[in-house]
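Start counting the sequence shown at 1; every next residue gets the next number (the numbering used here).
Rather than coming from a laboratory, the hints here were simulated on the basis of the structure.
Errors might be hidden in some of the hints.
To be verified - With beta-carbon atoms standing in for the labels, derived distance ranges:
hint	residue 1	residue 2	range
1	M188	D110	35 to 43 Å
2	W32	S181	17 to 25 Å
3	V182	G30	21 to 29 Å
4	E122	A156	22 to 30 Å
5	C45	K95	25 to 33 Å
Stated by the list, open to error - Heads up, simulated SDA-like pairs for lysine to any residue below, C-alpha to C-alpha not over 20 Å straight-line:
hint	residue 1	residue 2
6	K95	T85
7	K95	G58
8	K95	A175
9	K95	A84
10	K95	S187
11	K95	I179
12	K98	G178
13	K98	A88
14	K98	P119
15	K95	L120
16	K95	G178
17	K98	S171
18	K95	Q75
19	K98	G58
20	K95	T177
21	K95	L174
22	K98	G87
Ideal Cβ positions, reconstructed from N, Cα and C, are used throughout, including at glycine.
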Amino acid sequence: MATHALPETAQRRTTPASPRSRGRLVRREGRWCRHANALGRLSGCRAYFATISRLGDGMFWYGLMGAMVLLDGMQGLRASAHLATVGAASLLLYKGLKRWTRRPRPFAADRHIRAWVAPLDEFSFPSGHTLHAVAFTIVALAYYPMLAWLLIPFTASVALSRVVLGLHYPSDVLAATGIGSVLAIGSMWLFPMASVLG
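Generate coordinates for the entire structure from the input sequences, incorporating the hints supplied.
In structure tokens:
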């Protein structure tokens, strides 16, 4: 039976992205990083995002878990246990991904980008701060929806801080957002009463 070659346009559509197109994406992301990083020259902006970054190291989330236990007894303890479980899974996953991908941080790859705070480790992908913040926020809001006014702006600030401070690319943050969301939602299978307690 005769075979027919695909038209040239169809072949182009099914061809994986070329190195040239990937290079354009990398350069574009680098420009975004440089523009965001320039905001760090503003002392108020730098101080805000540095503070957010420090809180996102764990202090904010430890305080939240402690407050849940103190203010809401057993339900707070269940919520804190859920957060701790998700946090441990997030830590193992993002450390493994960083060792595997070994992506240099923006400030290490581009001399025009400055690290406004010291990084916690060497590699960039994915953003551990963002991964934890997104996962913790989804889980915490399953128990305490009234905390949305606090947790959503804080998590958004954590995500922005990673790029402004020169520590992550936007793709690191986007990937971490997706991974954190999947982990948090998947964890509901282990804690099926999270959304109906109270």
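Query - Hints not upheld, ascending by number - result: Failing hint: just 18.
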